[in-house]
Amino acid sequence: MKRLESFEKKHDDYSHIKKDDEICSCCSCIQSEDFFNEIEEEEQFDLREFRGEIRFLIFMGVLFAICLITEEFFSEYVHSYLLNAAFLSLYLVCGLPVLKMAFRSLIKKDFFNEFTLMGGASLAAVAIGQMSESVGVMIFYRLGEAFQKKASSYSRRSIKALLAQKPMLARLLKDGKVENINPKDIVKGDIVQVLPGEVIPIDGIIISGVAQINSSAITGESKPVSAKVGTAVYGGTLSLDGLLTIKAAGPFKDSTISRMLEMVQNAVAHKSPTERFITRFAKWYTPAVFGLATLVALVPPLIGQGDFREWFYRGLVLLVISCPCALVISIPLGFFGGIGSASKKGILVKGANVFDALDKVTMAVFDKTGTLTYGRFEVVKILPLTGITEGDLLRMAATAETGSNHPLARSILAAAGNITMPLNAQVTQFAGKGMLLKTDLDTIIVGSKALLQDYGITAPSISELGTVVHVAKNDKYQGYLIVADSIREESYQSVKELRELGIKKVYMLTGDCEAVAKSVSDKLGLDGYRSELLPGDKVAALKSLCGGETKKTLFVGDGINDGPVLVTSETGIAMGGFGSQVAIEVADVVILNDSLLKVAELLRVAKKTRTIVWQNVFMAMGVKGVFLVFGAVGVAGLWEAVFADVGVALMAILNSTRTSKV
Amino acid sequence: MKKTFKLVGLDCANCAAKIENEISDLPDVISVTVNFMTTKMNIEAEREKMESVVEAAMKVVKNIEPDVKIEKV
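Same order as they appear, the protein sequences are chains W and X.
Under numbering that gives the first Met the number 0, the first residue of the first sequence carries the number 0, and numbering increases by one thereafter.
Under numbering that gives the first Met the number 0, the first residue of the second sequence carries the number 0, and numbering increases by one thereafter.
Think of the hints as simulated: they come from the structure by calculation, not from any bench.
One or more hints might be untrue.
As the list claims (entries may be wrong) - Pairwise CB distance ranges, derived in the manner of DEER restraints:
no.: 1; chain 1: W; residue 1: Cys-512; chain 2: X; residue 2: Met-0; range: 40 to 50 angstroms
no.: 2; chain 1: W; residue 1: Leu-95; chain 2: X; residue 2: Lys-61; range: 16 to 26 angstroms
no.: 3; chain 1: X; residue 1: Asp-66; chain 2: W; residue 2: Gly-527; range: 33 to 43 angstroms
In this text, all values refer to a predicted model and were calculated from it rather than measured experimentally.
Where is the CB? At the ideal position from N, CA and C, for every residue including glycine.
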């Protein structure tokens, strides 16, 4: 009975949602907001339109084939007027929309577009009696257009799919009751319940429960991470097993997933120089070929080289080839695929211009703390005197630090694990020096050499990187710990991969002291660094490191106090963009998870994307060039021309879909 | 200030480029991008001039692609 109730309840949940939003097929998410809705609707529409168009064209194709066969084999039985009338009516039915558009643009004095070119060429073909050719041109032209449309809508959909896992409902806990609401209605501080297997609706902190969280939809990281009370979780991620209660960190529009959507939507607003180049090229390409076509049609007959109709026909062939759309469409499609591919890996690219800019990059500058290193203190070494175990020394130190909130103390406590303050303990904190803990039995002093000295204990001078924490118990020196910010495991690999990908110099900027900077730089084998920088000095340091050539640098930082540097460098990459609003605003690229390896990944995607885009450009230009020559010398007819035009566009489109599979 | 519009039914890459070119030649337009893939148009202009710029831009769109519907985002 209970099960039935919960089943019904579940159904209620969905019906509640269905009122204002549509549930997508995977049923754990919804396409609620503008971008997705728009695309969804458009797609439905596109698909219907596409199917209709294809059916129509197949029907026309069959009729056309019948006419062709008749013309070929049974022409003695059918009057040629009748056959021509059939071709003409087919032509009109197929070509009317194109002719209409062509007429409209002529009125507006726009002479060079696909409609005027196709319409004009086919109409002229009719005029010189090439009936079957003009019908063929129309049918193939429209077929190609339909597939182009379909391909762009497919490409849009692939971007959408990547961010499809949007939370569709939030279970608001209020006065002990669960209320199902739209995630958009959540306000800061709301308590939300998430059932196992559900999408977490909002960014927030877990206040009860444990679960494995899969954030692959957002960061591209497929390994689930475990989350417990106090862990920050993000809207759009999936709770795999546990029941969680989450306190919302803010309204939905400020949540990570919402901001990501916004960023991807705006991503393509920045066009790449390649794209601009092609549109400029298309601007003069079409009139130029039109001029050429006119010359081919008029000059040879005028100087007495052959039949006017023959040359006129060749001119028409050139006209069909002069259509610029294949060229123009292949570029944004390629870049769009690249942006999608990067997003799938948890790399948000703000615009296609980034891909072009990365081509010129030869220098990489990293921020140290939080980027090359983890940005948190860790106990890296424990050196007890003989007779004391490492564990004992660590526990001793940790016991004394229980009362402190200092990052150093926190790191020692974290390393020691479960340590509680002993009963009846008296704690004294010496700012900047250390701690003293007194119980009925023991007195423990933890801190700098100077602090121990104050209590008459001699500690050795240690010259090691990081912060040295000495430990003394009952006036006896026990040993020391080294606490330091450690280098990320993947930093080594990342630097190596960048070098393989053509980055010649790798530098580092840090606010940290010289000794630490040098150590990190040496370990990673960097080409140079600038240390002891104040946040305001970083821009100048970046400029001096790269010799003023900021156009050739990419900068990787955590985005928190790197804003100006992210802007100064040609490509600013912010790591761990999950938390930081600033990063999203100023960076060109945001890496959503914390993996430094994504920088190399981004370079690879950029390279592949550029390759494909240029392949498209050369292919389109090459094919058109060849057919221009073939057309002019009379080898290629209208059939071949239209195949060349439509075919090359389709090839470019197919090639572009490869970018999304990098 | 910047404004974004959606051009519903924009399905020709070259037309997108043409619209962008013509709008960028309009007076008072600081910047404009017409994106074929997202079918979005971003226009930047001074706040006081925005209204007249948008009006002129709409005319350009209608002129080049009469079937495109312009929606505010």
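Right, here's what the structure says about each hint:
no.: 1; hint: W:Cys-512 - X:Met-0: 40 to 50 angstroms; verdict: holds (46 angstroms)
no.: 2; hint: W:Leu-95 - X:Lys-61: 16 to 26 angstroms; verdict: holds (22 angstroms)
no.: 3; hint: X:Asp-66 - W:Gly-527: 33 to 43 angstroms; verdict: violated (58 angstroms)
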